[in-house]
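Participant: Here's the letter readout for the chains.
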Amino acid sequence: MKKSKIFFVMFISVFVLSAILLGSLVVYVDPYFHYHAPIEGKNYIMKEQRYLNDGIVKNFDYNAAIFGSSMTECFLPSVMDSVFGTKSVKVPFSGGSYKEVGDIEKVACANNKNLKIVVRGLDCNRFFNDKDERDYEEDSYPTYLYDDKYLNDVKYIFSKNAIIDSMLILMQRGEAAKPSSFDTYSNWNNDYPFGKDAILASYNKDAVEVSDTQKTLSEEDKQTINGNIKQNVTDIADAYPDTEFYIYYTPYSIYYLDFYKRSGELQRQIEAEKYITGLLLEHENIHVYSFYLKHELIENPDYYRDIAHHGSEAGNMILEWIYNKDGELTLENYEEYYDELSDYYFSFDFDSVF
Amino acid sequence: MLFNSYIFILLFIPLCLLGYFLLNRIKLFVPAQFFLFGMSLWFYGYFNYRYLLIIIVSIFINYGLYVFIGKFRVQKKALPFLIAGIVFNLGILGFFKYTDFFIDTINHVFKSNLPLLKIVLPLGISFFTFQQISFIVDTYKGNVGKYKFIYYASFVAFFPQLIAGPIVTHDELINQFTDESKKRLDFDNLTKGIFMFTIGLSKKVLIADVLGAIVNYGYVASERLNSASAWLVILCYTLQIYFDFSGYCDMAVGLGKMFNIDIPMNFNSPYKSKSINEFWDRWHMTLTRFFTRYIYIPLGGNRKGEARTYLNIFIVFFLSGLWHGAGWNFILWGVMHGIFCIITRFIEKRFEKIPKALGYLGWIVTFIFVNITWVFFRAESIPAALDILKTAFSFKFAPIDPIIINAFRTPELIQLMAFADIELKFPNIIPWGFMIVSTVIALFLPNSKKMFDKFKPNAATLLFTIIFFVWSFISLSGVSTFLYFNF
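From first to last, the protein sequence lines stand for chains A and B. First residue of the first sequence? That's 4 in this note's numbering, and the numbers climb one at a time after it. First residue of the second sequence? That's 202 in this note's numbering, and the numbers climb one at a time after it.
For the record, the hints were derived by calculation from the structure and aren't laboratory data. Cβ coordinates follow ideal geometry from the N, Cα and C atoms, glycine included. Please note: incorrect hints may appear among the correct ones.
[Claimed, not checked] Each computed PhoX-like pair below joins lysine-lysine, with the alpha-carbon atoms no more than 20 angstroms apart:
{"hint": "1", "chain 1": "A", "residue 1": "K5", "chain 2": "B", "residue 2": "K228"}
{"hint": "2", "chain 1": "B", "residue 1": "K591", "chain 2": "A", "residue 2": "K5"}
{"hint": "3", "chain 1": "B", "residue 1": "K557", "chain 2": "A", "residue 2": "K5"}
{"hint": "4", "chain 1": "B", "residue 1": "K655", "chain 2": "A", "residue 2": "K8"}
[Unchecked claim] Footprint (simulated), chain B over chain A, 3 or more residues, beta carbon under 8 angstroms:
{"hint": "5", "segment": "149–162"}
{"hint": "6", "segment": "339–347"}
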């Protein structure tokens, strides 16, 4: 046989063989849970949220879930389970918009009839987002993991990330040598310093453009909010009336409120939150919580790593409060709550926290 | 469709080769050519099926002009049709590529507020319009033989060179299409093609794409760079654009070879150049050839005195800048290259023989110049480019941004280093290693053309091809680190 023919035959054979081997390995181990739940007894590498979350909500066995942005990353589902008596998963999207979080919530509800309790953090800095806002480059998003088409799975089963992860998981080496759990999934609680110094390292109040007047909620804002909340929050609750949705406003630190106050946004923020609460409370299976009058949290910098993000301890407190209906807003109390909130922060001495 | 995609490698190319050679085997030469044309249209329409209309209309009209111009016995009488052809092709290019640029410029100058049309640029339009202009001009000059429509159509649409060149001329390709000896599957060519495709794919996927992530980050988050990071980002782009573009052209050459078609090389180790003129003889060679043949020489080239030569060079580079992109940053990039070419030529003319030491100096100056001008090419705008350069030249060095360091750390490199805890001992070995290896490949190793010419199917080349092909194949997709996410 001609040398080039041997070359060609060898090349094709080895290539096809490697593709079959590597592809089968990924399907068998399934590091992103696209086809099945993790293999019993193996530690998985739980790291890349946007690659894992769809598989988690579709293929895991759970009856409760925590959804949200990076503000929910440090929650401990084990604590949730002991408080609520559930079997829960955590599904955070770092930098996730209402749309992105809402979409995964929909997938979870549609695929898991046992899902009875949803805890969701609503990011206060995204009140005025468009309903379809998704903050990432569209073409780098792994959409092939979010659909049921088999053909585009080539991007998954032949990707070196998935192949290497599969090998490590199979051998339980490298990052797969450590046990994985939803408590540690995306949890950065032990990776950063907390406290006033840490917060002030990334927040310079003097760099904020100061506004002497406070903006208020406009009709246009309300329209935006209506769209955002309806599509990404309340429509989902309406579609799944047997599931209880515990929705809380992500509690930022006092320094974030300082920023809002300085930049003239505080009034508008409070009005927006109040307006959204009104919208949410129209739905029977939605329970709304706001913790901005929990001074032991908001005004204690030791719970925070920057002006916004709190760690696991605060997460535990939030779960307890939700379970005990502490901080819950109802049609009867919410207007009064926001009056109180407004009075408190507009008379607060922000200089005292620096 | 992209060469570096699963659908292209797993479906398109096997199907295309099989269909083409099967039809040719049963002597259905013309249907085979139609098949190739059809496949090329699928390849093109896969991006956006609406583009198909543009390319099909463009092919028909140019072929019509060719037939028409060919009927004139007296060349002069055909002139209006030549002009019509050029106007038509430039018109398409102008409309799709430059309308918004034009409107934007008017808005700036007259402080007006005309709305932009937001036209989506059809891929490869800059390439296939130039190709067809050269065809019409050659037709007018009487340098074109008798071509059947299908051969012309499959020349313009031939998928290996359709999207990003090389800018192949009609005589290079059509005569090969009609050559019956090239219509049989030839394993020598097939393996050579696979080898070359693998080289190109590896350059694109294993090197350029990694650098690309860093470059994207650097140009978006330019305010976070320090001088060290800025220089690194600048160098990364210099390497990225070379590995990306030349890798793409290598793949084109390889694909052509699989069909027994020779496609001209487009790059010849450009960063080894010791002067800017040499650089342009080695960088995007088919474009330089086009500009020389159809602009520089018709303008008089170097035959009308020194001053006129410089003016002609300037015009060519101005147009080249404009061709590369509809933006003032591209024009500035072209103009800078033009001026530097003129200066170099001016100096070179005054030396009998360039001393050797000056050669090395020439390399340094050329390489730095090319690096800096790429900043204007890559940045969104001239002010954005100046921002990066200001940071680079402020010489405020600080450790490289960890996000950049991490982008070099591809999963296989991390695992490779983890074997002996090498990264623990030498923390920055991956970024350093990556930059050194890719720079050495670009500056010192034999380029893909030399490897291609020397290729023999044997155990060593087989092993090389398999390793790099499989490695690139599993690198086509993967976790794209959401670089811009910072909570």
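Participant: Please go over all the hints and tell whether each is borne out by the structure.
Facilitator: Hints, verified against the model:
1. Restraint check for K5(A) and K228(B): not satisfied, since their Cα atoms lie roughly 24 angstroms apart, outside the 20 angstroms limit.
2. Among the hinted pairs, K591(B) with K5(A) is inconsistent with the structure: their alpha-carbon atoms are about 59 angstroms apart, more than 20 angstroms.
3. Pair hint K557(B) plus K5(A) does not hold up; C-alpha atoms about 47 angstroms apart against a cutoff of 20 angstroms.
4. At roughly 18 angstroms between alpha-carbon atoms, K655(B) and K8(A) fall within 20 angstroms of each other, so this suggested pair holds.
5. With 5 residues having a Cβ less than 8 angstroms from any Cβ of chain B, the segment 149–162 of chain A passes the three-residue criterion, so the hint holds.
6. As drawn, the segment 339–347 of chain A meets chain B at 0 residues by the rule of a beta-carbon pair under 8 angstroms; below three, the given contact is violated.
Checked against the numbered hints above, the structure violates hints 1, 2, 3 and 6; every other hint is satisfied.
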